[in-house]
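All chains should be built: construct the whole structure from the sequences, respecting the hints.
Residue numbers (numbering that gives the first Met the number 0), protein chains in the order written: chain A, 0 to 298; chain B, 0 to 304.
Read the hints as simulated data drawn from the structure, not as lab findings.
Among the hints, erroneous ones may be present.
[Claimed, not checked] Simulated DEER-style distance windows between Cβ atoms: (1) B:PRO51 to A:ILE196: 55 to 63 Å; (2) A:GLN203 to B:GLY242: 51 to 59 Å; (3) A:GLN203 to B:ALA16: 14 to 22 Å; (4) B:VAL212 to A:VAL28: 21 to 29 Å.
[Unchecked claim] Simulated pairs of lysine to aspartate or glutamate, DMTMM-like, Cα-Cα distance not exceeding 25 Å: (5) A:LYS74 to B:GLU194; (6) A:LYS256 to A:ASP55; (7) A:LYS87 to A:ASP55; (8) B:LYS132 to A:ASP262; (9) B:LYS1 to A:ASP197; (10) B:LYS216 to B:GLU193; (11) A:LYS256 to B:GLU194; (12) A:LYS254 to B:ASP268; (13) B:LYS49 to A:ASP155; (14) A:LYS256 to B:ASP127; (15) A:LYS87 to B:ASP127; (16) B:LYS216 to B:GLU194.
Heads up, the beta-carbon is just placed ideally off N, CA and C, and yes, glycines get one too.
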Amino acid sequence: MRQEVAGLPRERKAARLRRPPWRRVLAGVLNYALLLAIFAFAVFPFLWTLAIAITDKTVGSGISIYAFPQSLFPKAVTLNNFLEVIEKLHLGKYFLNSVVITGLTVAGTLLVSALAAYPLAHMRFPGRNLTFGVIVSTLVLPTEIAFIVNVLTLRDLGLLGTYLGVVLPTVATAFGIFLMRQAYLAIPSTLMEAARIDGASEVQILWRVMLPLSLPSLTALGIFTLVGTWNAYFWPSVALLTNDELLPMSVAILKLKGQFNYDSFNVAAGAVIMMIPVLVVFFLAQRFFMRGMEGAVKG
Amino acid sequence: MKRQALTTTLIAYAFLAPALVLMGLFTFYPVIYGAYLGFTDYTIADLAAKEPPRWVGLANFARVLGDPLFQTGVWNSLKYLLVVPVLQIASLAVAVLVNQKLPLMGLFRTSYYVPVVTSIALAAVMWDWIFQKDGFLNWSLRLLHLINWEGRFSWLLNEHTALWAIMLVTFWRGFGYYMVLYLAGLQSIPAELEEAATLDGAGAWQRFWRITVPLMKPTILLCSLLSTIAAIRVLEEIIVFTGGSGGPLNSTYTALLYVYNKSWGNMLDANFGVAGAAGLLIALVGFALSYLNFYLTREERGGRS
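Laid out in structure tokens, this is it:
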């Protein structure tokens, strides 16, 4: 459906062709000029950062990142900045923290959402609609005042400044449960009945029937959660206020920059290291991103 | 039969248990308790001494509303709302632009979305360099003969430009997101409508105003409200660009930064009661806007079907 609509209808194409050629050329040039200008605006910060990150700062004395246009096109290229930032600033440690926090969050979100969505989609029990209503209502709850109390709760539980303290408050989301419920609803209930007649337990049905059939939604939820958690700044910086050692890269990268002896070339290298996993995931999973967003509108 | 119903109920709640426990503990309880704190006096010293919060009624609300810093915050948050119309008009325009079938269009669409998946920390690092006194922004403005090089300044350290500079970053990180939402809306417009209009001799401009905009109204409404709520709740941008100070000269101090600084940002005068009251006030505005969102979009759907 979408593919068809994206193509120009024949009539419009015909109308275009009837225009004088110079107008078509002009329209094309204008289109691409605009597209390129927006492209430059969108990706310039990344390209400049990449250029700084691979600049060999030992070539020539006192290379500055502000020397334009030289800093956009480095004369000598090196990977030393990456090695330096990993060794000197212990970037490896922060990278690992990010991996652990993101991994736990994605696993937790998928598990909690996949479990909770099943009864909401395919079981009849008292309180079902109320439970679903309560979960969905968290979408509009005023979260501004929640983080104060969450820190107090984590402290009382002895989880403040731990990986679990960062992860646990974020894994149960209305978005995840809602998304999985929609996926399960699309699965015909005759499949479940057949499995039940064969003597399968509910856990087996969930594991053998529902999850394999809702793999696209699970993947999409996993990708959204991964990117969101990898990039999260505010919550980890609050939850790990008391323990710098466990900070993820998203918070650490700004700490690095704040240090009085910071080196822009190293910070840029750190930024590139942090960006790579998200960009890889993004390019592999573009379709899920775009579709997920479109689904959000069409509802 | 009854026993089976009971078993199903037990299994259902066993599956729901992790979600309900976590949401109860980390979403419902904090929201309710945080709202309660807004009516109490509870300082960081009380917390350390394990004193319970003291009920003070509406005193915190009077204090917050009378605090010049909060008033500045509200004013700056209102100014921040100016990003909403600019962001929405630009995103819709870009969506129309990339909705054409031209070579390389997939590449452009994808690259416009990349800022959306960038963390605020990276955006802060990169844009901070751009906004520096010797940064790329001033350099390009000089290239275009728009500024006097001797009078150049750091955009983030000037109280007249800091908020606008941060708004530009919000714009940069947001336009790809809304572009995709608008693109989805554009692609759901039946092609026959456009064809018919073209045959009737409507130009591109007329088609845009007579067909695209009216049919996109629900999407425009949804995106505008999403971005309004996001603008009111903007916090990370301010924290990472100003180190949480809201400077220079409080020119980037927003209402939500007030909540942050009254709770964790500034340990010395942290008062969870005051923070809770301010948070509640902002939350009420956000809640009202969410309600408006539901109300308006429901009205739209009813009208169309």
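Hints, one by one, checked against the model:
Between B:PRO51 and A:ILE196 the beta carbons are some 57 Å apart, a value that agrees with the proposed interval 55 to 63 Å. Distance hint check for A:GLN203 and B:GLY242: the Cβ-Cβ separation is about 54 Å, which falls inside the suggested range of 51 to 59 Å. Judged by the Cβ atoms, the range 14 to 22 Å given for A:GLN203 and B:ALA16 holds: they are separated by roughly 19 Å. One distance hint, 21 to 29 Å for the beta-carbon pair B:VAL212 and A:VAL28, holds here, with the actual separation near 26 Å.
A threshold of 25 Å between alpha carbons decides the hint, and for A:LYS74 with B:GLU194 the separation of about 53 Å lies outside it, so the pair is violated. With a C-alpha separation of about 19 Å, the suggested pair A:LYS256 and A:ASP55 falls inside the 25 Å cut-off, and the hint holds. Restraint check for A:LYS87 and A:ASP55: satisfied, since their Cα atoms lie roughly 17 Å apart, inside the 25 Å limit. The hinted pair formed by B:LYS132 and A:ASP262 meets the criterion: a straight-line CA distance of about 18 Å does not exceed 25 Å.
With a C-alpha separation of about 22 Å, the suggested pairing of B:LYS1 with A:ASP197 holds against the 25 Å cut-off. At roughly 17 Å between alpha-carbon atoms, B:LYS216 and B:GLU193 fall within 25 Å of each other, so this suggested pair holds. For the hint linking A:LYS256 to B:GLU194, the alpha-carbon distance of about 55 Å lies beyond 25 Å, and the restraint is violated. At most 25 Å may separate the alpha-carbon atoms for a hinted pair to count; A:LYS254 and B:ASP268 meet this at roughly 24 Å.
For the suggested pair B:LYS49 and A:ASP155, the alpha carbons sit about 11 Å apart, so the restraint of at most 25 Å is met. With a C-alpha separation of about 10 Å, the suggested pairing of A:LYS256 with B:ASP127 holds against the 25 Å cut-off. About 23 Å separates the Cα atoms of A:LYS87 and B:ASP127, which keeps this hinted pair within 25 Å; it holds. Simply put, B:LYS216 and B:GLU194 have alpha-carbon atoms about 20 Å apart, close enough for the 25 Å limit, and the pair holds.
Going through the hint list in order, the structure does not satisfy hints 5 and 11.
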